[in-house]
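2 protein chains.
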Amino acid sequence: MRATVLVRPKQGILDPQGEAVQGSLRKLGFDVSRVRVGRVLDVELAADGAEEARAQVERMCVELLANPLIESFEIQLEAE
Amino acid sequence: MRATVLVRPKQGILDPQGEAVQGSLRKLGFDVSRVRVGRVLDVELAADGAEEARAQVERMCVELLANPLIESFEIQLEAE
Numbered sequence: 045m046r047a048t049v050l051v052r053p054k055q056g057i058l059d060p061q062g063e064a065v066q067g068s069l070r071k072l073g074f075d076v077s078r079v080r081v082g083r084v085l086d087v088e089l090a091a092d093g094a095e096e097a098r099a100q101v102e103r104m105c106v107e108l109l110a111n112p113l114i115e116s117f118e119i120q121l122e123a124e
Numbered sequence: 045m046r047a048t049v050l051v052r053p054k055q056g057i058l059d060p061q062g063e064a065v066q067g068s069l070r071k072l073g074f075d076v077s078r079v080r081v082g083r084v085l086d087v088e089l090a091a092d093g094a095e096e097a098r099a100q101v102e103r104m105c106v107e108l109l110a111n112p113l114i115e116s117f118e119i120q121l122e123a124e
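In order, the protein sequences belong to chains L and H. The number in the numbering used here is simply the position in the first sequence, starting from 1, with 44 added. The number in the numbering used here is simply the position in the second sequence, starting from 1, with 44 added.
Worth double-checking, as some hints may not be accurate.
Okay, derived cross-link-like pairs now, DSS-like style, lysine-lysine, Cα gap no bigger than 30 Å in a straight line [stated by the list, open to error]: (1) H:Lys54 with L:Lys54; (2) H:Lys71 with H:Lys54; (3) H:Lys71 with L:Lys54; (4) L:Lys71 with L:Lys54; (5) H:Lys54 with L:Lys71.
These stretches of chain H come out as covered by chain L in the derived footprint (C-beta under 8 Å, 3 or more residues) [claimed, not checked]: (6) 74 to 82; (7) 107 to 114.
Derived by calculation from the structure, the hints in this document are not laboratory data. Keep in mind it's a predicted model, so treat the numbers as computed, not measured. The C-beta atom is built at its ideal place from N, Cα and C for all residues, glycine as well.
Excised from the complex, chain L in its bound form (with noise of 0.2 Å):
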């Protein structure tokens, strides 16, 4: 089974990352407003169905994939 998780820095969190890129791509011409970076991880588990599989990622999720504190994760599963 596969899984996409999304990881992005909360709202109100300073995301430095995506100030430095909103600035490069201005500098390119781009009118961008708001930039915000975070991590996609795609993971490839065994797991005996999808619910199983997205509590799984849940779990890894809040032991090491995302910093609850600071980050949201959103989690995709797609079936092979």
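Fit chain H to the given chain L structure using the hints.
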């Protein structure tokens, strides 16, 4: 207009960050066979319509956001 850009290492390209995450997840007891790590960028831009927005974001990817030699990108548009 808001665009979400997923930038991922291309197939066959080494991804040491993904390997490190996979190793850590395995040590935590998760049965993961593969992890790849990329970036997600949320971009708010001014554009006349979806078609122009997509064209602009594609140019952003080629010029700054992705390295087309080693990374692929995927663009998702959301109207506000």
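Right, here's what the structure says about each hint:
1. H:Lys54 with L:Lys54: Judged against 30 Å, a Cα distance of about 28 Å means the pair holds.
2. H:Lys71 with H:Lys54: holds (26 Å)
3. H:Lys71 with L:Lys54: holds (28 Å)
4. L:Lys71 with L:Lys54: Satisfied, since the Cα-Cα distance of roughly 26 Å is no more than 30 Å.
5. H:Lys54 with L:Lys71: Status holds; Cα separation ~28 Å.
6. 74 to 82: Held - the stretch 74 to 82 of chain H has 9 residues with a Cβ nearer than 8 Å to chain L, which meets the minimum of three.
7. 107 to 114: Check passed, 3 qualifying residues.
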